[in-house]
Amino acid sequence: MFRRTRYHLAVFFAVIGPGFITAMVDNDAGGIFTYSQAGAKYGYLPLWTLLPITLLLIVTQEMCSRMGAVTGKGLSDLIREEFGLRTTFFMMAALVAANLTNVMANFAGIASSLELFGISRYITVPLASAAVWLLVVKGTYSRVEKIFLFATALYVCYIVSGVMVKPDWKEAAIYSVRPVLMLDPGYITMLIGMVGTSVAPWMQFYLQAAVVEKGVSAKDYAGSRIEVIVGCIAMSVIAFFIIVACAGAIHSVRPRDINDATDAALGLKPFGNAAYLLFSAGLFNASLFAACILPLSTSYTVCEGLGFESGVNKRFREAPIFYWLFTGLIVIGAGVVLVPGFPLVRMILASQVINGILLPFVLVFMILLVNKQRLMKKWVNSHIYNAVAWTSVVVLTGLTLALIALSIRELMR
Amino acid sequence: MAEQLLYLTELLGLKVHGLNQRVLGRVSDAALVPVAHPVRIDRLFIGGAFTWLTVRQEQIHRIGLDGIFLSDENLTPYHPDESMLRLERDLLDQQIIDAQGRKVVRVNDVTFEVVREDGHDVLLIREVDIGLRSVFRRLAQGVLPRRMIRRLQSRIAPNSIGWEYCSIIEPDPQRRLRLNISTSLIEKMRPADLADIVEELSPDDREALFTAMEADVAAEALSEVDPDIQAQIIESLETERAADILEEMDPDEAADVLGDLEERMSEEILEEMEDAPKAEVEELLEYDEDTAGGLMNTEFVAVHDSATAGDAIEAVRSQPDMADGVTTLFLTDIDGRLTGVIPATRALLARPDASVAELSPEEPVTAHVADKAARVAELFDKYNLLALPVVDDEGRMAGVVTADDIITLLRRK
Numbered sequence: 006m007f008r009r010t011r012y013h014l015a016v017f018f019a020v021i022g023p024g025f026i027t028a029m030v031d032n033d034a035g036g037i038f039t040y041s042q043a044g045a046k047y048g049y050l051p052l053w054t055l056l057p058i059t060l061l062l063i064v065t066q067e068m069c070s071r072m073g074a075v076t077g078k079g080l081s082d083l084i085r086e087e088f089g090l091r092t093t094f095f096m097m098a099a100l101v102a103a104n105l106t107n108v109m110a111n112f113a114g115i116a117s118s119l120e121l122f123g124i125s126r127y128i129t130v131p132l133a134s135a136a137v138w139l140l141v142v143k144g145t146y147s148r149v150e151k152i153f154l155f156a157t158a159l160y161v162c163y164i165v166s167g168v169m170v171k172p173d174w175k176e177a178a179i180y181s182v183r184p185v186l187m188l189d190p191g192y193i194t195m196l197i198g199m200v201g202t203s204v205a206p207w208m209q210f211y212l213q214a215a216v217v218e219k220g221v222s223a224k225d226y227a228g229s230r231i232e233v234i235v236g237c238i239a240m241s242v243i244a245f246f247i248i249v250a251c252a253g254a255i256h257s258v259r260p261r262d263i264n265d266a267t268d269a270a271l272g273l274k275p276f277g278n279a280a281y282l283l284f285s286a287g288l289f290n291a292s293l294f295a296a297c298i299l300p301l302s303t304s305y306t307v308c309e310g311l312g313f314e315s316g317v318n319k320r321f322r323e324a325p326i327f328y329w330l331f332t333g334l335i336v337i338g339a340g341v342v343l344v345p346g347f348p349l350v351r352m353i354l355a356s357q358v359i360n361g362i363l364l365p366f367v368l369v370f371m372i373l374l375v376n377k378q379r380l381m382k383k384w385v386n387s388h389i390y391n392a393v394a395w396t397s398v399v400v401l402t403g404l405t406l407a408l409i410a411l412s413i414r415e416l417m418r
Numbered sequence: 004m005a006e007q008l009l010y011l012t013e014l015l016g017l018k019v020h021g022l023n024q025r026v027l028g029r030v031s032d033a034a035l036v037p038v039a040h041p042v043r044i045d046r047l048f049i050g051g052a053f054t055w056l057t058v059r060q061e062q063i064h065r066i067g068l069d070g071i072f073l074s075d076e077n078l079t080p081y082h083p084d085e086s087m088l089r090l091e092r093d094l095l096d097q098q099i100i101d102a103q104g105r106k107v108v109r110v111n112d113v114t115f116e117v118v119r120e121d122g123h124d125v126l127l128i129r130e131v132d133i134g135l136r137s138v139f140r141r142l143a144q145g146v147l148p149r150r151m152i153r154r155l156q157s158r159i160a161p162n163s164i165g166w167e168y169c170s171i172i173e174p175d176p177q178r179r180l181r182l183n184i185s186t187s188l189i190e191k192m193r194p195a196d197l198a199d200i201v202e203e204l205s206p207d208d209r210e211a212l213f214t215a216m217e218a219d220v221a222a223e224a225l226s227e228v229d230p231d232i233q234a235q236i237i238e239s240l241e242t243e244r245a246a247d248i249l250e251e252m253d254p255d256e257a258a259d260v261l262g263d264l265e266e267r268m269s270e271e272i273l274e275e276m277e278d279a280p281k282a283e284v285e286e287l288l289e290y291d292e293d294t295a296g297g298l299m300n301t302e303f304v305a306v307h308d309s310a311t312a313g314d315a316i317e318a319v320r321s322q323p324d325m326a327d328g329v330t331t332l333f334l335t336d337i338d339g340r341l342t343g344v345i346p347a348t349r350a351l352l353a354r355p356d357a358s359v360a361e362l363s364p365e366e367p368v369t370a371h372v373a374d375k376a377a378r379v380a381e382l383f384d385k386y387n388l389l390a391l392p393v394v395d396d397e398g399r400m401a402g403v404v405t406a407d408d409i410i411t412l413l414r415r416k
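Protein chains in written order, with the numbering used here: chain R, 6 to 418; chain F, 4 to 416.
Keep in mind that the hints were calculated from the coordinates and are not lab data. Hints may be right or wrong, so weigh each one.
[What the hints assert, rightly or not] In silico PhoX-like pairs for lysine-lysine, Cα to Cα no more than 25 Å straight-line:
| # | chain 1 | residue 1 | chain 2 | residue 2 |
| --- | --- | --- | --- | --- |
| 1 | F | Lys191 | F | Lys106 |
| 2 | R | Lys143 | F | Lys106 |
| 3 | R | Lys319 | F | Lys18 |
| 4 | R | Lys224 | R | Lys377 |
| 5 | R | Lys274 | R | Lys171 |
| 6 | R | Lys175 | R | Lys46 |
| 7 | R | Lys319 | R | Lys151 |
| 8 | R | Lys224 | R | Lys46 |
| 9 | F | Lys191 | R | Lys319 |
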């Protein structure tokens, strides 16, 4: 009897993890900046977008984790098997390019958040990159995942700092459910940006691979689905508090543009040192977390898709391409942050363009795959689900194309 | 003599010329019929999206990079046939097992040898290509001329697996039979290496492998697989097949696997097992996994303490299954209570008529069935044991914990 209960508990804990982690990493340095910017400039008005964003996230993430559980194969494996090497190759090349700039943005997040604590980036960035490399290469999977789960807990920083700012809860509640549309170009840009940064191509690859790695089976899938949904909601809750904190601290004093996430943290200073420090600590945690996951996930995805040996349990000699790619992403991603005058903002805009071009392809492939009877057996999408999924893809594609246009306009400036 | 080689990527899309140099179409796929010939390409298919024509190997006159020239234009329409392995559809981009390199690999390309046989050219499969060179070849095909690709690729180191070491995984048992796919290559691998491969496969492929392999090989491999995956594999198999495999496993390991299953399923499997192994496994299932009883094996050699060295050797001989692993002999009195232990080699070196009592048996270090696993590990460390007898409340011998069980236990922590 004792053994049985432990079995069920084991299933529960085995399932907690991938969906939650993926959703949390989505709130990385770039995400935090977007949400802070929205709150600082428009106050509580943008809060309503979080509801549809959560739905879009749930729909896409659910399909990935279901595919992982049923087929036992990663998304890049499936794309390779069903659509061939050339398609996979171009997707992987775009993914590496987009993720490399994401890694840069997150190392920049590490550097600037720790500079708020008065530590030079020439110390923090090399240390952080070494720590990331060692943690992933030398750590065991279960230990690394425990650290990751702990990191997700640290996102509570944002909730606390949001509360400390003493925002207007009544307004926050009202605007969470009341959609406000304005024909102000800045406002529309911000809305598109919020949706655009919330669903990224790498998430689909990472989540599905992580579900496979955990060994979640089709039978245990019900638990995984709950976890994905809870994870997406938790991500939106964090985003809510970031917007609310910036709305309460910055917008209510004087609405303005902020230049980066540390700017937002500084805006919280009048509301007490604790709120400011927590916001900065949250930024550091999120950036470091994403800087761990992105290079790892990218190298896994690329090697699996192209058929190279991969995995941190392999030796360097056995999986050279995997390790070179992983190391390269970290070294370049961290290195450019230390180069004075490096056009980081332009790189991030370029990354948004690449991500935006890649995302529709990834989503369409996902829906095609998840509807293949041969792969998914009885777990294919239902008609209603397909209608929802295709609608989500069309909406996301439309918004992403708009984001691409905006980013290109910005780049041309 | 590079002309004698042809790659599948080059073959696909190659023009097929009829008798008057008329172009009949381009190659769409090539098929092997393993029951007819293990390595010779039996037929090619030409044509477009809707109708395909079949070219039988004996209708081909000459094969070269400039095209395929037929000696007979009498082509039949394509019809699907379960006994052929279509290379583009069934092999390219799929995963196979490299029995020599002991890993799972993804097929990038296939290398053929063009051989003159009875006055016409035939294609023999030589190698399956993995690695960078074949990725480059696939990507460049159709973009650059074939001969130029050959020149360029020679700069990249080749990475191929001889066809004789390739093992295809086919989930459909009917097709496996028709395609003459055997698991004999895999069965020759070491169980631990095989287990590593199994862990890398998708659930469907694992099921296929464990259904096709000999039960004893499957049992050895299964004992080396990660416990979570063990349970998933057993759950996926037919009850009868699962019982066959578990019968071949060591009872303590079989009990561990059954203990991880849901109650109803483990009972169903036990029901199908033969009486002798079933009784042992059922007995072991009574104990909690984390105790001496859960760790121990019920197979051991015990002799009466008034027996001779010759009797003891005879007792070992009568249990050939476990003769390999016997390190210690256990002496018991008339009630089955443990009175002493002697190293097996001592009985071997003694005169056959010497009484075991004269061989200076040692006072046994024992564990009780309910002792905690950690305590058992301590005893092994303290007394430098190879085998530790486990006794029940009456001091009767219940089983033996061996050093390999302890290594597994400690590694799992």
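Hints, verified against the model:
{"no.": "1", "hint": "F:Lys191 <-> F:Lys106", "verdict": "14 Å, holds"}
{"no.": "2", "hint": "R:Lys143 <-> F:Lys106", "verdict": "22 Å, holds"}
{"no.": "3", "hint": "R:Lys319 <-> F:Lys18", "verdict": "43 Å, violated"}
{"no.": "4", "hint": "R:Lys224 <-> R:Lys377", "verdict": "19 Å, holds"}
{"no.": "5", "hint": "R:Lys274 <-> R:Lys171", "verdict": "13 Å, holds"}
{"no.": "6", "hint": "R:Lys175 <-> R:Lys46", "verdict": "19 Å, holds"}
{"no.": "7", "hint": "R:Lys319 <-> R:Lys151", "verdict": "21 Å, holds"}
{"no.": "8", "hint": "R:Lys224 <-> R:Lys46", "verdict": "47 Å, violated"}
{"no.": "9", "hint": "F:Lys191 <-> R:Lys319", "verdict": "23 Å, holds"}
When each numbered hint is compared with the structure, violations occur for hints 3 and 8.
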